[in-house]
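For the sequence shown, this note's numbering begins at 6 and goes up steadily by one.
It should be emphasised that the hints constitute simulated quantities derived from the structure, not laboratory data. A couple of the hints might just be wrong.
Cβ-Cβ distance ranges computed for the label pairs, FRET-style [as the list claims (entries may be wrong)]:
(1) Arg73 / Lys120: 19 to 29 Å
(2) Phe7 / Cys76: 25 to 35 Å
(3) His70 / Ile99: 22 to 32 Å
(4) Arg123 / Gln60: 14 to 24 Å
Only a predicted model underlies this, so the values are computations on that prediction, with no experimental measurement involved. Note that the Cβ used here is the ideal one computed from N, Cα and C, for glycine as well.
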Amino acid sequence: VFKRFVEIGRVAFISFGPHAGKLVAIVDVIDQNRALVDGPCSGVRRQAMPFKCMQLTDFVLKFPHSARQKCVRLAWEKENINEKWAATRWAKKIEAREKKAKMTDFDRYKVMKAKKMRNRIIKHEMKKLQKMSSKKGKKSEKAQKSEKAQKSEKAQKSEKAQKAPKAQK
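Start from the sequences, fold in the hints, and give me the full structure.
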């Protein structure tokens, strides 16, 4: 059930090491543990890199194996990999994590106050909605009770009317 395979042109995210956080394209597979990678638009020079350092993405570029850096760059720019990567949930999550790590004490305080205010507003609106639904529920219950009472009265009258003619015969 794997969908991402190690292949020529596969774009990978470097998770740790000196180039952590950058994207590279697999240019050639050296052996079962390493690949020749190139990141022409991310500032990673062509080098051998272990697969342990890389996380494969969904993006695949079309170029022949052991292609020159110029060919890799053209394919990278043609596919708009940087824009596509920035639009993924993965990249947004990494960016949010970095942003949160760079927050100052005062920034964390402002976020806490904003969350408290938001939760207070939500709680207030929920109370309003619950109050309105309970009022409607009570009204509908009263209406249902009155309808049931009217139906039972009609049923009793019709029964009396049916019994009365039988007695006259």
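Going down the list of hints, with the structure as the test:
| no. | hint | result |
| --- | --- | --- |
| 1 | Arg73 / Lys120: 19 to 29 Å | violated, 52 Å |
| 2 | Phe7 / Cys76: 25 to 35 Å | holds, 27 Å |
| 3 | His70 / Ile99: 22 to 32 Å | holds, 29 Å |
| 4 | Arg123 / Gln60: 14 to 24 Å | violated, 34 Å |
The structure shown violates the earlier hints numbered 1 and 4.
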